[in-house]
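Asks: Dock chain B against chain A, hints included.
If you want the building blocks of each chain, they are given just below.
Protein chains: 2
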Amino acid sequence: MENFLKKAKESSSIIGVLSSSQKKNILNNMADSLEENVELIINENSKDMSAAKEANLSSAMVDRLLLDKKRVESMAKSLREIAALKEPVGRVIEGWWTDDNIRIEKVSVPIGVIGVIYESRPNVTADVAALCFKSGNVAILKGGKEAENSNRAIAKILQNVLESNSLPKEIISLLPDSSREGVNYLIKQDSYVDLIVPRGGEALIKHVSANATVPVVKHDKGLCHTYIEKSADFDMAIKIAINAKCQRPGVCNAMETLIVDSQIAKEFLPKLKEAFDKYNTELRVDSRALDIIDAKEATDEDFDTEYLANILSIKLVDSFEEAIEHISRYGSGHSEAIITQNYTLAESFLNRVDAATVYVNASTRFTDGGAFGFGAEVGISTNKLHARGPMGINELTTYKYKIYGTGQIRG
Amino acid sequence: MENFLKKAKESSSIIGVLSSSQKKNILNNMADSLEENVELIINENSKDMSAAKEANLSSAMVDRLLLDKKRVESMAKSLREIAALKEPVGRVIEGWWTDDNIRIEKVSVPIGVIGVIYESRPNVTADVAALCFKSGNVAILKGGKEAENSNRAIAKILQNVLESNSLPKEIISLLPDSSREGVNYLIKQDSYVDLIVPRGGEALIKHVSANATVPVVKHDKGLCHTYIEKSADFDMAIKIAINAKCQRPGVCNAMETLIVDSQIAKEFLPKLKEAFDKYNTELRVDSRALDIIDAKEATDEDFDTEYLANILSIKLVDSFEEAIEHISRYGSGHSEAIITQNYTLAESFLNRVDAATVYVNASTRFTDGGAFGFGAEVGISTNKLHARGPMGINELTTYKYKIYGTGQIRG
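Order-wise, the sequence lines are chains A and B. Going by numbering that gives the first Met the number 0, the residue at position 300 of the first sequence is 299; the numbering climbs one at a time, nothing skipped. Going by numbering that gives the first Met the number 0, the residue at position 15 of the second sequence is 14; the numbering climbs one at a time, nothing skipped.
If we strip away everything but chain A, and leave its shape as in the complex, we get (with noise of 0.2 angstroms):
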């Protein structure tokens, strides 16, 4: 393992350099590739299938591992899509001349080493080593077990594209050892990785962030608000709400608590369970909206939870105040909303509640890289340091500052 580390390491201040046109063309290469290869991806592929249906995972699970023909292909348009995103590496940030008449430029540049550790979805596999080669990472990925055999083909095609390219293989490689005890060797080596992404489930996430010595970038939960202010359209909050909730119910921008002013309660709930029947969400709700709807109670841990499914907690609260504090107490800082006419409010939610996305009058479904325009995206970042929110290429960034000095020395 160590060797290989170091080797990963040496490797990245190769891929640091290569120029922008050369990185497009081995990503468009390695698309070319996964195309080339689809038979011998879905080949393998169909171990994992075997093995996950022997293991008799659930149908939704076994559908997320699945590689035919056109996922492969859809596959290979994603890198595709990756190789024409804007350069992320060079762009300068900030540029001024000192007090002592030297010049500093503050640069965008590589981070270096990035571990993904990610789950399911062998798509994944090829995305996550895209993003980081074209922001001029090393890539070590540990995949799900589930995906073994589809995560090593799709390696290798990256690998022999990499190798006919003259570049050492472990630009991109996966974890050689993806046991636990693997990763835990992985997230303790700081002298040769520079950043541990986590995607998945609470309990891996807790233990990596717990003890890793590497820089963690958490993809944690989404335990999301939307707050229907009185002055609120009722149209748009109900349109609104329908789609952060019932869109995609299993994913971290998704709505887990409506909160609703009290005034406008006993006309607003009504029309929104309505609303909400047509899509079968169980609806909990606390004690003041039981005597006005029809629902099933909701207990304090319902409003601490992310439910990842179509069941929605609704909480009366009698003022804006009482609305921020409940979403500060519950909220897990990813998205939260206010749907509002009223300036003021709009303005003191966007600035007091503090989470990685605020919204004013928009579904939280749109905290996402591909719908803020970044193109594709390593995952959403539930940190408050490095990456906030949405993580794109230029998340896979760190900086330095360059010095133009003509013989500067400090007085």
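A few of these clues could be false.
Output of the computed footprint for chain A on chain B, the stretches with three or more beta carbons under 8 angstroms from beta carbons of chain A [said to hold, decoys possible]:
| # | stretch |
| --- | --- |
| 1 | 18 to 27 |
| 2 | 354 to 363 |
| 3 | 391 to 400 |
Covered, in the sense of this in silico footprint (three residues per stretch, anywhere, with C-beta under 8 angstroms from a C-beta of chain A), are these stretches of chain B [said to hold, decoys possible]:
| # | stretch |
| --- | --- |
| 4 | 152 to 164 |
| 5 | 189 to 203 |
Computed cross-link-like contacts, BS3-like style, restricted to lysine-lysine with a CA-CA straight-line distance of at most 25 angstroms [unchecked claim]:
| # | chain 1 | residue 1 | chain 2 | residue 2 |
| --- | --- | --- | --- | --- |
| 6 | A | K5 | B | K220 |
| 7 | B | K23 | B | K6 |
| 8 | B | K144 | B | K155 |
| 9 | A | K217 | B | K8 |
| 10 | B | K155 | A | K187 |
| 11 | A | K220 | B | K105 |
| 12 | B | K205 | A | K187 |
| 13 | A | K5 | B | K217 |
| 14 | B | K217 | A | K187 |
| 15 | A | K5 | B | K155 |
| 16 | A | K217 | B | K105 |
| 17 | B | K187 | A | K220 |
| 18 | B | K187 | B | K168 |
| 19 | A | K205 | B | K168 |
| 20 | B | K155 | A | K220 |
| 21 | A | K187 | A | K238 |
| 22 | A | K205 | B | K220 |
| 23 | A | K238 | A | K295 |
| 24 | A | K105 | B | K144 |
| 25 | A | K217 | B | K5 |
| 26 | B | K217 | A | K105 |
| 27 | B | K205 | A | K205 |
| 28 | A | K217 | B | K187 |
| 29 | A | K220 | B | K8 |
| 30 | B | K168 | A | K85 |
| 31 | B | K52 | B | K68 |
| 32 | B | K8 | B | K187 |
| 33 | B | K69 | B | K52 |
| 34 | A | K205 | B | K8 |
| 35 | B | K205 | A | K217 |
Because the hints were derived from the structure by calculation, they are not lab data. Note that the structure is a prediction, hence the values are computed from the model and not measured. Each residue gets a CB set at the ideal place from its N, CA and C atoms; glycine is no exception.
Replies: Then chain B, alone, in the frame of chain A:
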């Protein structure tokens, strides 16, 4: 302790939304109050001074500890300068409209609760408190045992100003349990603390990095190189080398190793030695340089040592590549310089050397918040993520995305 941290966390939503003018006024009040209480401060400081003398601390350490009228005035001046800095919160870093016609603004916001662990000089207490306050953060300060009475007096004065402005005193406080156990507890409280900044010896930084679950921005060692490429102007090279080594040998941006092109060594080294002899610098040189000048022979350990003293290692190299390799092997990623008149090599050095600050034709001593024009600094980060190099008030902020919609839902 938990109760204290809870209050600190709660206070962060108050300081986080204070207006720019309120923060300015309060910082100026704090400066006034330090000057008004100069006798109290000197009185408390004298207790630390006697203890230091009793404990036989070095005269340098005792001097760093001393507070007299002039030093208190300079502390107050520093607070007024921080008050006058450009507001770091609410800067629009980027902004755009997406394909869904929502408007996104990426805006700087405070980090939250910041723990700073530092040593010796009591003025750091006022400085760091002010930098955190200006950037809208709660500061938990853990100074050195030797400055305990001074730090307590300073913190109390700042807290009184907070309270007379109807703000919770927890916005600025000393860590209540300043023992090793107290620090170990603090660095694991990721639900209350958002960032730990350790400044101090290698052992402290290693311990904090290894044990913290709170994100850490390290202020670690600087093993800085200056490479005299063969096209360098000799006079400029010598002037810069002397400044980088001798102006303040004990700081992290001082040079530790000089790398000299072997093609110019015969002519250059005697001149260099002559210059350094005037500063009584101890030279430790590799075997080839030993054939040219009279000096001590350098061991491999020398090249791996941050002397923090008036000692310089000298290494001859046969090529630009060899210089880059030496820096990549021994450098700490802090500050690295090339002295050259060759355009191509200058550019290549700036692009390829992986360090927070890379220089052409200037002294590494400029890696400093003041010299960069940041006004004041919390320290110099050796992290790659979040903040790299000099860390001013802008680096004490993170960002959020504000999303302005008109009823958008995800398609």
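Asks: It remains to establish, for every hint, whether it holds in the given structure.
Replies: Tested hints:
no.	hint	result
1	18 to 27	violated (count 0)
2	354 to 363	holds (count 9)
3	391 to 400	holds (count 4)
4	152 to 164	violated (count 0)
5	189 to 203	holds (count 3)
6	K5/A with K220/B	22 angstroms, holds
7	K23/B with K6/B	23 angstroms, holds
8	K144/B with K155/B	17 angstroms, holds
9	K217/A with K8/B	21 angstroms, holds
10	K155/B with K187/A	40 angstroms, violated
11	K220/A with K105/B	21 angstroms, holds
12	K205/B with K187/A	13 angstroms, holds
13	K5/A with K217/B	23 angstroms, holds
14	K217/B with K187/A	16 angstroms, holds
15	K5/A with K155/B	50 angstroms, violated
16	K217/A with K105/B	20 angstroms, holds
17	K187/B with K220/A	20 angstroms, holds
18	K187/B with K168/B	23 angstroms, holds
19	K205/A with K168/B	32 angstroms, violated
20	K155/B with K220/A	40 angstroms, violated
21	K187/A with K238/A	47 angstroms, violated
22	K205/A with K220/B	30 angstroms, violated
23	K238/A with K295/A	22 angstroms, holds
24	K105/A with K144/B	37 angstroms, violated
25	K217/A with K5/B	23 angstroms, holds
26	K217/B with K105/A	20 angstroms, holds
27	K205/B with K205/A	22 angstroms, holds
28	K217/A with K187/B	16 angstroms, holds
29	K220/A with K8/B	21 angstroms, holds
30	K168/B with K85/A	47 angstroms, violated
31	K52/B with K68/B	20 angstroms, holds
32	K8/B with K187/B	15 angstroms, holds
33	K69/B with K52/B	21 angstroms, holds
34	K205/A with K8/B	21 angstroms, holds
35	K205/B with K217/A	22 angstroms, holds
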